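Mind docking chain B on chain A? Use the hints.
As a plain string of letters, each chain reads:
Protein chains: 2
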Amino acid sequence: MVKKESVCIIGSGNWGSAVGKIIGENVLKYPDVFEEEVRQWVFEENYRGEKLTDVINRERENPKYLPGIKFPPNIRAVPNLVEATKSASVLVFVLPHQFVRGVCEEMKGHIAPNARAISLIKGLEILPEKVTLFSEEISRKLGINVASLSGANIADEVAKERFCETTIGCQNKEDGELFHMLFNTDYFKVNVIRDYVGVELCGALKNVVAVGAGISDGLGYGSNTKAAIIRLGLMEMRKFGQTFFGTVEDSTFFESCGVADLITTCSGGRNRKVAEAFVRTGKPIDVLEKELLNGQKLQGTLTAQEVYEFLSPRKMTHEFPLFTTVYRIIYEGAPVESIVRDITL
Amino acid sequence: MVKKESVCIIGSGNWGSAVGKIIGENVLKYPDVFEEEVRQWVFEENYRGEKLTDVINRERENPKYLPGIKFPPNIRAVPNLVEATKSASVLVFVLPHQFVRGVCEEMKGHIAPNARAISLIKGLEILPEKVTLFSEEISRKLGINVASLSGANIADEVAKERFCETTIGCQNKEDGELFHMLFNTDYFKVNVIRDYVGVELCGALKNVVAVGAGISDGLGYGSNTKAAIIRLGLMEMRKFGQTFFGTVEDSTFFESCGVADLITTCSGGRNRKVAEAFVRTGKPIDVLEKELLNGQKLQGTLTAQEVYEFLSPRKMTHEFPLFTTVYRIIYEGAPVESIVRDITL
Numbered sequence: 001m002v003k004k005e006s007v008c009i010i011g012s013g014n015w016g017s018a019v020g021k022i023i024g025e026n027v028l029k030y031p032d033v034f035e036e037e038v039r040q041w042v043f044e045e046n047y048r049g050e051k052l053t054d055v056i057n058r059e060r061e062n063p064k065y066l067p068g069i070k071f072p073p074n075i076r077a078v079p080n081l082v083e084a085t086k087s088a089s090v091l092v093f094v095l096p097h098q099f100v101r102g103v104c105e106e107m108k109g110h111i112a113p114n115a116r117a118i119s120l121i122k123g124l125e126i127l128p129e130k131v132t133l134f135s136e137e138i139s140r141k142l143g144i145n146v147a148s149l150s151g152a153n154i155a156d157e158v159a160k161e162r163f164c165e166t167t168i169g170c171q172n173k174e175d176g177e178l179f180h181m182l183f184n185t186d187y188f189k190v191n192v193i194r195d196y197v198g199v200e201l202c203g204a205l206k207n208v209v210a211v212g213a214g215i216s217d218g219l220g221y222g223s224n225t226k227a228a229i230i231r232l233g234l235m236e237m238r239k240f241g242q243t244f245f246g247t248v249e250d251s252t253f254f255e256s257c258g259v260a261d262l263i264t265t266c267s268g269g270r271n272r273k274v275a276e277a278f279v280r281t282g283k284p285i286d287v288l289e290k291e292l293l294n295g296q297k298l299q300g301t302l303t304a305q306e307v308y309e310f311l312s313p314r315k316m317t318h319e320f321p322l323f324t325t326v327y328r329i330i331y332e333g334a335p336v337e338s339i340v341r342d343i344t345l
Numbered sequence: 346m347v348k349k350e351s352v353c354i355i356g357s358g359n360w361g362s363a364v365g366k367i368i369g370e371n372v373l374k375y376p377d378v379f380e381e382e383v384r385q386w387v388f389e390e391n392y393r394g395e396k397l398t399d400v401i402n403r404e405r406e407n408p409k410y411l412p413g414i415k416f417p418p419n420i421r422a423v424p425n426l427v428e429a430t431k432s433a434s435v436l437v438f439v440l441p442h443q444f445v446r447g448v449c450e451e452m453k454g455h456i457a458p459n460a461r462a463i464s465l466i467k468g469l470e471i472l473p474e475k476v477t478l479f480s481e482e483i484s485r486k487l488g489i490n491v492a493s494l495s496g497a498n499i500a501d502e503v504a505k506e507r508f509c510e511t512t513i514g515c516q517n518k519e520d521g522e523l524f525h526m527l528f529n530t531d532y533f534k535v536n537v538i539r540d541y542v543g544v545e546l547c548g549a550l551k552n553v554v555a556v557g558a559g560i561s562d563g564l565g566y567g568s569n570t571k572a573a574i575i576r577l578g579l580m581e582m583r584k585f586g587q588t589f590f591g592t593v594e595d596s597t598f599f600e601s602c603g604v605a606d607l608i609t610t611c612s613g614g615r616n617r618k619v620a621e622a623f624v625r626t627g628k629p630i631d632v633l634e635k636e637l638l639n640g641q642k643l644q645g646t647l648t649a650q651e652v653y654e655f656l657s658p659r660k661m662t663h664e665f666p667l668f669t670t671v672y673r674i675i676y677e678g679a680p681v682e683s684i685v686r687d688i689t690l
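First to last, the sequence lines map onto chains A and B. Take the first sequence: its letter number 65 is residue 65 in the working numbering, and every next letter is one higher. Take the second sequence: its letter number 48 is residue 393 in the working numbering, and every next letter is one higher.
Isolated chain A (complex conformation) (with noise of 0.2 Å):
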């Protein structure tokens, strides 16, 4: 007989805490192919006077990130990351991404030899020399397979189980199916696909699509001239992934992470209103942080300028003229109009 997954969550925030309740659910679907507990390893904070894990365990429910929603009983919070992970043959990275590489450092020399990954971390790492995705990156830490999951999934609407899709990036067929069998349910529908490059790619440049379409909301130019920056963006997103990564796949944005995902995140979401309101009241992106994000970096801003700083030295910017437009808007004080004037070659 061969032996059971044991399943670790890595993460313990909103999406994460969504996915955890998808995954505790589907484990039990498959108890031939699972082990019954998941684990889920919490980033230990204090709540309410007692210790978060205490009150996930005892509630079944997360009441800092997720909460009014319930667990099912096979979810385990764990605070100590190594005894979260060391056992575990499906390991499921959902973190904020600048705690990535410590984790990956302190779970290293400590994973099962079976292990295999698949990663939920929105964006990518652009420095001017190179742009790598958390799943390589993780990959190369760890010596493991590692593949990618991004769709339009507002975690409270995922936790509220409104239908909506998802798409998995993954090369190796029988971890696909795994996965699927993971997070597949009737309202959170799974494509698997073979292009993880483009999964996560998607997830970090619609960020900038939707500061663009901001800025256009917050001049009031209408739907028609919002869905050409959604589609150029689309158009420039595909572009960069078969620029710098050639594996990318056409097919692979007309998934959930690819136009879909993006459609979401330019009708709501945060990068969008702050550029609304950056063009409506005039004042700076860092002061806006602080008035509607209660000083948290916006994604879409810092990805546009990483993104710049990344195709500068290439002499590749124009080739880019949405990204490039989004960055000297809001970076260098070109004029907001800009936004539809210099946005098509």
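It is worth saying that the hints were derived from the structure and are not from the lab. Since this is a predicted model, take the numbers as computed values, not measurements. Keep in mind that the hints are not guaranteed to be accurate.
Derived DSS-like pairs: lysine-lysine, alpha-carbon spacing no greater than 30 Å straight-line [claimed, not checked]:
#, chain 1, residue 1, chain 2, residue 2
1, B, Lys618, A, Lys160
2, B, Lys618, A, Lys189
3, A, Lys189, B, Lys660
4, A, Lys239, B, Lys635
5, B, Lys534, A, Lys273
6, B, Lys584, A, Lys239
7, B, Lys505, A, Lys283
8, B, Lys534, A, Lys239
9, A, Lys160, B, Lys628
10, A, Lys173, B, Lys584
11, A, Lys273, B, Lys505
12, B, Lys534, A, Lys315
13, B, Lys584, A, Lys189
14, A, Lys141, A, Lys4
15, B, Lys618, A, Lys273
16, A, Lys160, A, Lys141
Covered, in the sense of this in silico footprint (three residues per stretch, anywhere, with C-beta under 8 Å from a C-beta of chain B), are these stretches of chain A [claimed, not checked]:
#, stretch
17, 153–159
18, 256–269
Glycine included, every Cβ here is placed at the ideal spot set by N, Cα and C.
Just chain B now, kept in the frame of chain A:
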């Protein structure tokens, strides 16, 4: 010296008027290519005691269908169809689809030997036995080449020169270049592709998807769900095209006529709005058409019915679950919640 192109616009509604302004301005930019005067066939009506053509020619404005927007002086409204079209080498069809047959009958035998046309007509003729594109219908009746134009182009926004894109599908390269000159401006960006069939299909089938999006809005399902419906709709539009018209290209759905027009139609638009009201009020569509559309027929529900009656004898309704579910909810009393339960294969 080559004879100059002579342009006639057939139709003068809201979209025809917006397009008339663009064409009138563009022919003046290329005096070596186009004759200065552009004729516009206007279905003669009484407007406040005067002939509408007289009002248009005096006021340089169509106060009935596009009030507040001035035409360039080289547009001439002509009430007689044969007089307007007989010497034209470029015919622009932009009129409601129910008038296409009659207009072509009247023009037949009276058009110039070098004439070619472009169709901006919305919709398809879908009968149980076959699907007919209006571009092909015109081509057959008049024996000339016919291209098509469609995109995320709400007429009033185009008339106000708000930035957007559009797609022209044209098989003949030289005609494509001519149409680009005729339509492209700084604020109305034209992409010319070969797949005229895909361009026209998108313009009709998007309305069925918008009904689905409106049902989801009526149920309050949020943005993940709506993005999933839009994406699944885009995939069914593609599948319909590739199943019944083998020439339709994947890339067409990335153009303005595809993803961009679908986004616009599913965010604003009467199809989305009436479908939302259908869920919220429980009133049948024909009642809502009276209340919300002054008795005009809703395009998306009609197309859903025609698509169903086309798929049904072919035993293929289950291969287009979103189109089929929209039909069943609107016409067969299926539960509105099936918009998320029954739309994936």
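Status of each hint after checking the structure:
no., hint, result
1, B:Lys618 with A:Lys160, "holds (25 Å)"
2, B:Lys618 with A:Lys189, "holds (27 Å)"
3, A:Lys189 with B:Lys660, "holds (25 Å)"
4, A:Lys239 with B:Lys635, "violated (47 Å)"
5, B:Lys534 with A:Lys273, "holds (27 Å)"
6, B:Lys584 with A:Lys239, "holds (25 Å)"
7, B:Lys505 with A:Lys283, "holds (28 Å)"
8, B:Lys534 with A:Lys239, "holds (19 Å)"
9, A:Lys160 with B:Lys628, "holds (28 Å)"
10, A:Lys173 with B:Lys584, "holds (25 Å)"
11, A:Lys273 with B:Lys505, "holds (25 Å)"
12, B:Lys534 with A:Lys315, "holds (26 Å)"
13, B:Lys584 with A:Lys189, "holds (19 Å)"
14, A:Lys141 with A:Lys4, "holds (25 Å)"
15, B:Lys618 with A:Lys273, "holds (24 Å)"
16, A:Lys160 with A:Lys141, "violated (35 Å)"
17, 153–159, "holds (count 4)"
18, 256–269, "holds (count 8)"
The structure shown violates the earlier hints numbered 4, 16.
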